[in-house]
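Asker: Residues per chain are reported as follows:
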Amino acid sequence: MFGEHELKTQFIKIADKKIHLLEEKGGIIRYRRENVEKLIKNSGEKLKVLPSPALGYGVRLLMVKFKEPVVIPPQDSITGFDEAPVEIDVKVGDLTIDHFIVGKEKYALYGTLEAGVICRYHVSSFYTEEPESIGVAKLIVSNPSPEWKSLERVVIPIRGTSMYYESTKAYYPLLVVTIKNHNPEVNNTGKAPKEGLNTVGEGLSLPNFLMRW
Amino acid sequence: MNITNSTSFWEQGALGQKLFLTLTLGAIVKAALILVTGLILAKVLRRYLLNLSRSTKYVWIINEDTTSTLHNLIVVIALVYTFDALGVLPLEIAGTSISNLLTAFLVFYFSYLLAKKSKDYMIIRSSKQKLPEVQVKAKLFYYIIVTLAFFLALNIAGFTGRLTTLLAAAGITGIVLGFASQTVVANFISGIFMYFDKPLKIGDPVEVAGYSGVVHDIRILSTRIRTWDGLLVRIPNEKLFNSEIKNLQKYPARRVDIVVGIAYKEDAQKAIDVIKKTLDEMPYVLAEPEPMIFVDNLGDNSVNIAVRAWAPSEKWFDVRIEIVQKVKKALDEAGIEIPFPQRVNWFAEELRVKIEENSKEESS
Numbered sequence: 001m002f003g004e005h006e007l008k009t010q011f012i013k014i015a016d017k018k019i020h021l022l023e024e025k026g027g028i029i030r031y032r033r034e035n036v037e038k039l040i041k042n043s044g045e046k047l048k049v050l051p052s053p054a055l056g057y058g059v060r061l062l063m064v065k066f067k068e069p070v071v072i073p074p075q076d077s078i079t080g081f082d083e084a085p086v087e088i089d090v091k092v093g094d095l096t097i098d099h100f101i102v103g104k105e106k107y108a109l110y111g112t113l114e115a116g117v118i119c120r121y122h123v124s125s126f127y128t129e130e131p132e133s134i135g136v137a138k139l140i141v142s143n144p145s146p147e148w149k150s151l152e153r154v155v156i157p158i159r160g161t162s163m164y165y166e167s168t169k170a171y172y173p174l175l176v177v178t179i180k181n182h183n184p185e186v187n188n189t190g191k192a193p194k195e196g197l198n199t200v201g202e203g204l205s206l207p208n209f210l211m212r213w
Numbered sequence: 001m002n003i004t005n006s007t008s009f010w011e012q013g014a015l016g017q018k019l020f021l022t023l024t025l026g027a028i029v030k031a032a033l034i035l036v037t038g039l040i041l042a043k044v045l046r047r048y049l050l051n052l053s054r055s056t057k058y059v060w061i062i063n064e065d066t067t068s069t070l071h072n073l074i075v076v077i078a079l080v081y082t083f084d085a086l087g088v089l090p091l092e093i094a095g096t097s098i099s100n101l102l103t104a105f106l107v108f109y110f111s112y113l114l115a116k117k118s119k120d121y122m123i124i125r126s127s128k129q130k131l132p133e134v135q136v137k138a139k140l141f142y143y144i145i146v147t148l149a150f151f152l153a154l155n156i157a158g159f160t161g162r163l164t165t166l167l168a169a170a171g172i173t174g175i176v177l178g179f180a181s182q183t184v185v186a187n188f189i190s191g192i193f194m195y196f197d198k199p200l201k202i203g204d205p206v207e208v209a210g211y212s213g214v215v216h217d218i219r220i221l222s223t224r225i226r227t228w229d230g231l232l233v234r235i236p237n238e239k240l241f242n243s244e245i246k247n248l249q250k251y252p253a254r255r256v257d258i259v260v261g262i263a264y265k266e267d268a269q270k271a272i273d274v275i276k277k278t279l280d281e282m283p284y285v286l287a288e289p290e291p292m293i294f295v296d297n298l299g300d301n302s303v304n305i306a307v308r309a310w311a312p313s314e315k316w317f318d319v320r321i322e323i324v325q326k327v328k329k330a331l332d333e334a335g336i337e338i339p340f341p342q343r344v345n346w347f348a349e350e351l352r353v354k355i356e357e358n359s360k361e362e363s364s
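Chains as they are written, first to last, in the working numbering: chain A, 1 to 213; chain B, 1 to 364.
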């Protein structure tokens, strides 16, 4: 699914979407996905199917709302996973020839009506083991305060983030959520959530996001 | 009495030798030197600036266009002084030579071109998000350069000494014009206040002074709005400043309000559930704030269900259209009737219906 594919007649299935490659005369490959069609001159280059952050129509944040809020004891931490939406970039060389969304697309307002921000929205449970979904984010939630804290959702900065993938799954970089005082602070570390994954992007950390609301 | 007859370097010795009418060898040498120096300076500067334009990040000011304008300016000014040296432009107007007047005009004209091209470059190269801010900066830059060029041109023309006279004259003229141009001044001042108040910016969809559309440009005296049907409306800033401005995209989210009527015989809760599910499947209907769907009132012909859903401001219109269409489709699929206005008439006396025999005969 994710990774490099030879330019020859074949189907590539990605979640609920299907890419159809069809060899035609003159070394031309017809790329087809739903209503999108492209003609690619075969030069021995491979087609790359890569994960990309769920920016949707151009947002910069992803809000994952937990089905069950996570409660953390004072000066303790918990490591877990959540399902996260991803999008797909199809590339030949460095050129993106197609980009599409897999799964459900939904948005929400984070913050007030006057000063909030629209972000991509997803509802997920907090898993202690990696879930089966196509997109996964690993979280370390720490509570350095002397009080019990509850975390109902996490807002992740995703614009410009690197992504990681293996054959069937895409991963957001490791996220560290620190619940300082009353406002959780989210750090997209840019680091791989586990070893042995392929990287898209430079693996750089993004500025921390303070969840004020 | 000691009279000194001062002659310039170009009129001494062999250089002072007359060749044709009043034209001397010195004048020709001087003219040639001016022309060659001007051409070399123009070429060297152009080459330098072109090289610089390939590496600089200030490409809005250092680019092929502005370099070419600067090159032409130097060449034309060199030509003017060349003709002056040859004595072709000996006339004086208002105490200053024609060559100085021409140079002043050219400096002003080319500075204007330079400022205009830089302004256009700044606007073309800016990203869509930064466009409103860049447009204001570009215009500010343009007006500063044009004003400076105006005073520089006055200086070159030799009017600087008379600037105080000019200003005094301008003062008197100003009083006279002030009364005549109250509206212009009011518009100008309103424009400045609007800049700081920022009720709208270029690209905002607005409803103002009875017009609805997108702010196309904010100028010193007026604001231009492109209406939804593609007309240009020029609203004087004073009128705009005193009007109620409805900015349709100032906040990140905007609510879509529609009313759906269902037949009295239908289950209202079922209809609410169907609409809720439909909205949940629409990406741009925001999950938070949650949509509100409730029975609003019992109308003459239908049970009216209010649908209030939030959408990103820039997607409001698309969502508005989509909701109406999808809710209608979903209710149809669920077998819920959306009634049209109907009236039941009761007659106090029984109505008698007469069936004509002719119609039977005709049909047979």
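Treat each hint with caution, since some may be false.
[Stated by the list, open to error] Capping the alpha-carbon separation at 25 Å, the derived lysine-lysine pairs in PhoX-like fashion look like this:
hint, chain 1, residue 1, chain 2, residue 2
1, A, K17, B, K130
2, B, K246, A, K65
3, A, K65, B, K239
4, A, K67, B, K276
5, A, K17, B, K328
6, B, K130, A, K65
7, B, K130, B, K201
8, A, K104, B, K130
9, A, K104, B, K328
10, A, K104, B, K315
11, B, K277, A, K104
12, B, K130, A, K67
[Stated by the list, open to error] Computed spacing ranges between beta-carbons, pair by pair:
hint, chain 1, residue 1, chain 2, residue 2, range
13, A, V36, B, L231, 50 to 58 Å
14, B, L148, A, E152, 56 to 64 Å
15, B, L298, A, H182, 56 to 64 Å
16, A, K17, B, I258, 26 to 34 Å
17, A, S205, B, S127, 22 to 30 Å
18, B, E207, A, V123, 47 to 55 Å
19, B, G335, A, P146, 30 to 38 Å
The set of hints was computed from the structure by calculation and includes no laboratory data.
Owing to the predicted nature of the structure, the values given are computational and were not obtained by experimental measurement.
Backbone N, C-alpha and C define an ideal beta-carbon position, used for all residues, glycine too.
Asker: With reference to the structure, classify each hint as holding or not holding.
Answerer: Now the hints, each set against the structure:
Proposed proximity of K17(A) and K130(B) is contradicted: the alpha carbons are some 36 Å apart, above 25 Å. For a cut-off of 25 Å, the pair hint linking K246(B) to K65(A) is broken: about 34 Å separates their Cα positions. The straight-line distance between the Cα atoms of K65(A) and K239(B) is roughly 47 Å, outside the 25 Å bound, and the hint therefore fails. Pair hint K67(A) plus K276(B) holds up; C-alpha atoms about 19 Å apart against a cutoff of 25 Å.
Between K17(A) and K328(B) the CA atoms are separated by roughly 28 Å; this puts the pair beyond 25 Å, and the hint is violated. Simply put, K130(B) and K65(A) have alpha-carbon atoms about 32 Å apart, too far for the 25 Å limit, and the pair is violated. Note on K130(B) and K201(B): the hinted pairing holds, with a Cα-Cα distance of about 11 Å set against a maximum of 25 Å. A hinted pair counts as satisfied when its Cα atoms are at most 25 Å apart, and K104(A) with K130(B) does not qualify at roughly 31 Å.
Among the hinted pairs, K104(A) with K328(B) is consistent with the structure: their alpha-carbon atoms are about 22 Å apart, no more than 25 Å. Proximity of K104(A) to K315(B) is assessed by CA-CA distance (about 18 Å); at most 25 Å being required, the pair is judged to hold. Restraint check for K277(B) and K104(A): satisfied, since their Cα atoms lie roughly 14 Å apart, inside the 25 Å limit. Our distance criterion of 25 Å between C-alpha atoms is broken by K130(B) and K67(A), whose separation comes to about 38 Å.
Taking the beta carbon of each, V36(A) and L231(B) are about 36 Å apart, not inside 50 to 58 Å as hinted. Taking 56 to 64 Å as the suggested C-beta distance range, the pair L148(B) and E152(A) conforms, at roughly 58 Å. Checked against the given bound of 56 to 64 Å, the beta carbons of L298(B) and H182(A), roughly 46 Å apart, lie outside it. At about 32 Å, the beta-carbon gap between K17(A) and I258(B) stays in the expected band of 26 to 34 Å.
Checked against the hint of 22 to 30 Å, the C-beta distance between S205(A) and S127(B) comes to roughly 24 Å, which is consistent with it. The supplied range of 47 to 55 Å is broken by E207(B) and V123(A), whose beta-carbon atoms lie about 36 Å from each other. Roughly 59 Å separates the CB atoms of G335(B) and P146(A), a value that falls outside the hinted 30 to 38 Å.
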